[in-house]
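S.K.: Please arrange chain B on chain A, whose structure you already have, making use of the hints.
Same order as they appear, the protein sequences are chains A and B.
With my numbering, the residue at position 232 of the first sequence is 232, and numbering never jumps.
With my numbering, the residue at position 159 of the second sequence is 159, and numbering never jumps.
No lab work stands behind these hints: they were computed from the structure.
Among these hints, one or two may not hold up.
Okay, derived cross-link-like pairs now, BS3-like style, lysine-lysine, Cα gap no bigger than 25 Å in a straight line [stated by the list, open to error]:
#, chain 1, residue 1, chain 2, residue 2
1, A, Lys-19, B, Lys-196
2, A, Lys-48, B, Lys-196
3, A, Lys-48, B, Lys-49
4, A, Lys-48, A, Lys-170
5, A, Lys-19, B, Lys-163
6, A, Lys-170, A, Lys-103
7, A, Lys-170, B, Lys-49
8, A, Lys-170, A, Lys-251
9, A, Lys-13, B, Lys-163
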Amino acid sequence: MEIFKTLVKASLKSQAGYKFNFILDIFSSGIIFFSDFLIIAVILTNFKSLGGWTLHEVAILISIIDSGWAIYRTFGEGLERMQELLQTGRFDTLLIRPISTLKHLMIHAVQFRRLGILVQAIIVGSWGIINSGVFSLPFIILYIFLVILAGILILEINIVLAAVAFWTLKNDDLLVLTVYATKTAASYPLNIFNPFLKNILTFVIPLGTITYFPISFVLGKTDNITALLAPFLSVVLMIPVCSILWKTGLKKYTGTGS
Amino acid sequence: MEKALSLIKISYLRSRVYLAGHVINMFGSFIFGYIGVCVWRALLGDTPKADRMATYVIVSQALLWVTMFLPKSAYLFQKVRDGTLAFMFVRPMGMFLQSFYEVSGSAVYNFIYRSIPIFLLGLLFLGTGIPAPGMILPFFISIIPAYVISFCLNYFVGIWSVKFLNFTAAQNIYYFLANLLSGSLAPADYFPDSIKSIIAFSPFASTCYIPSKIFIGEMNPFVGIPVQSCWAVILVLLSLILTRSVKKSVQIQGG
Numbered sequence: 001m002e003i004f005k006t007l008v009k010a011s012l013k014s015q016a017g018y019k020f021n022f023i024l025d026i027f028s029s030g031i032i033f034f035s036d037f038l039i040i041a042v043i044l045t046n047f048k049s050l051g052g053w054t055l056h057e058v059a060i061l062i063s064i065i066d067s068g069w070a071i072y073r074t075f076g077e078g079l080e081r082m083q084e085l086l087q088t089g090r091f092d093t094l095l096i097r098p099i100s101t102l103k104h105l106m107i108h109a110v111q112f113r114r115l116g117i118l119v120q121a122i123i124v125g126s127w128g129i130i131n132s133g134v135f136s137l138p139f140i141i142l143y144i145f146l147v148i149l150a151g152i153l154i155l156e157i158n159i160v161l162a163a164v165a166f167w168t169l170k171n172d173d174l175l176v177l178t179v180y181a182t183k184t185a186a187s188y189p190l191n192i193f194n195p196f197l198k199n200i201l202t203f204v205i206p207l208g209t210i211t212y213f214p215i216s217f218v219l220g221k222t223d224n225i226t227a228l229l230a231p232f233l234s235v236v237l238m239i240p241v242c243s244i245l246w247k248t249g250l251k252k253y254t255g256t257g258s
Numbered sequence: 001m002e003k004a005l006s007l008i009k010i011s012y013l014r015s016r017v018y019l020a021g022h023v024i025n026m027f028g029s030f031i032f033g034y035i036g037v038c039v040w041r042a043l044l045g046d047t048p049k050a051d052r053m054a055t056y057v058i059v060s061q062a063l064l065w066v067t068m069f070l071p072k073s074a075y076l077f078q079k080v081r082d083g084t085l086a087f088m089f090v091r092p093m094g095m096f097l098q099s100f101y102e103v104s105g106s107a108v109y110n111f112i113y114r115s116i117p118i119f120l121l122g123l124l125f126l127g128t129g130i131p132a133p134g135m136i137l138p139f140f141i142s143i144i145p146a147y148v149i150s151f152c153l154n155y156f157v158g159i160w161s162v163k164f165l166n167f168t169a170a171q172n173i174y175y176f177l178a179n180l181l182s183g184s185l186a187p188a189d190y191f192p193d194s195i196k197s198i199i200a201f202s203p204f205a206s207t208c209y210i211p212s213k214i215f216i217g218e219m220n221p222f223v224g225i226p227v228q229s230c231w232a233v234i235l236v237l238l239s240l241i242l243t244r245s246v247k248k249s250v251q252i253q254g255g
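Chain A on its own, in the form it takes in the complex (with noise of 0.2 Å):
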């Protein structure tokens, strides 16, 4: 614990360094995700609903995702650099250090600028949560509880891409497919896309288990409780695949670089 304060202080310190550049980025980092909740608001002022999902409870999908993903860029930046620091052997120096690598990685580049994008989704959110009329504590609960697990599962999907790179020394553009796109995809009523994609976000890269299925289940589009509980079991399963992957890529790893 001690050491996880002493490298968040340490993350704040560096980048608050230069405070202009730090309040900027930390509300630019905010709008870029809010240009993508603006554009389906002007999209779905034009038309009733998507796939049977009003405006409203599309913005509770995606504040879901989005938040997740602040809280994981806030904390797993070193994953989102693992192909660099294994192509400069910068990678070999985390070997030596007195915590796990994993461990490391999520905690030696903590990057509060990030939270903008955690700011504007619970934003997005709360206007979402008010005007499509779910508004209540066990909402509120369970939609704590959905961000906490969107969070997780997106950290558990960056490790496994992470440990690929064991292999690949590469995975860059393997985020985009595997990552952007898909949590993209999961801001949306997964009703909208072909069966193939929505299996895809349901049981491989399963960030729909996070948004669609349980808010389904709470806006009384499904009565199946398996929706409530996919984001629990998604979470769950992804744990031993992530644990087992990561130590056979560092046991496979040599260092590279110079």
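M.R.: What follows is chain B alone, placed relative to chain A:
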């Protein structure tokens, strides 16, 4: 001209080194296009309008690789950090032109290996259409000012990084405006009446909305291309003025 071609070629070849990775990336980009197509098909149902919007979205997605997804800050931030910006000032060609040719090599690469494949995938799997014969040439002509405008907007981010030694905020603000106003997923026609004309004739719309509309035959090229050309001229002039002004305050890092 020989120097220009060699700068374009070097940048093209540098991009081509990572071809395998870029093919994966291109599929990711195609998925983004597919998501857009699904959104519009869900909204418009099985109608000719939905087919046109599917084509519009895929063409826009393909065009993003020669407009919005150009090298960040036109490579200038990277050069500020490693100090190679200094070399740009001692070469016979100006900083603006050097950047332009260097980014052009990357854009040519993107067009061949990302834009065309995305469009072909759309044609094969999503049933997107092809332009009317009379619109093919105007469409390709409209890509040129679209690229020049996008380059200049990226170059402004680069100029910001030369001046302030950081480009994240400028890049994010540029991305916000381009994402929202270029019309890649939501064309200007769907914005509120009070602002749709302003957006349709903004420099951002010139990078994506106008060429894509020309492609599907919903915009007169004799209206769209002059608008794009005006923006291209204005932004090039502004780039030259900003280059001259930033040269006075440049700081070289690295070494």
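S.K.: A separate judgement is required for each hint: does it hold in the structure or not?
M.R.: Comparing the hints with the structure gives:
For the proposed pair Lys-19 (chain A) and Lys-196 (chain B), the alpha carbon gap of about 37 Å is over 25 Å, so the pair is violated. The straight-line distance between the Cα atoms of Lys-48 (chain A) and Lys-196 (chain B) is roughly 20 Å, inside the 25 Å bound, and the hint therefore holds. The hinted pair formed by Lys-48 (chain A) and Lys-49 (chain B) meets the criterion: a straight-line CA distance of about 17 Å does not exceed 25 Å. Simply put, Lys-48 (chain A) and Lys-170 (chain A) have alpha-carbon atoms about 43 Å apart, too far for the 25 Å limit, and the pair is violated.
Annotation: proposed proximity of Lys-19 (chain A) to Lys-163 (chain B) holds, straight-line Cα distance about 17 Å (limit 25 Å). At roughly 21 Å between alpha-carbon atoms, Lys-170 (chain A) and Lys-103 (chain A) fall within 25 Å of each other, so this suggested pair holds. Taking the CA atoms of Lys-170 (chain A) and Lys-49 (chain B), the gap is near 41 Å; set against the 25 Å cutoff, the hint is violated. Restraint check for Lys-170 (chain A) and Lys-251 (chain A): the C-alpha separation of about 18 Å stays at or below 25 Å, so the hint holds.
For the hint pairing Lys-13 (chain A) with Lys-163 (chain B), the CA-to-CA distance comes to about 23 Å; that is within 25 Å, so the pair holds.
Of the numbered hints given earlier, the model fails hints 1, 4 and 7; all others are met.
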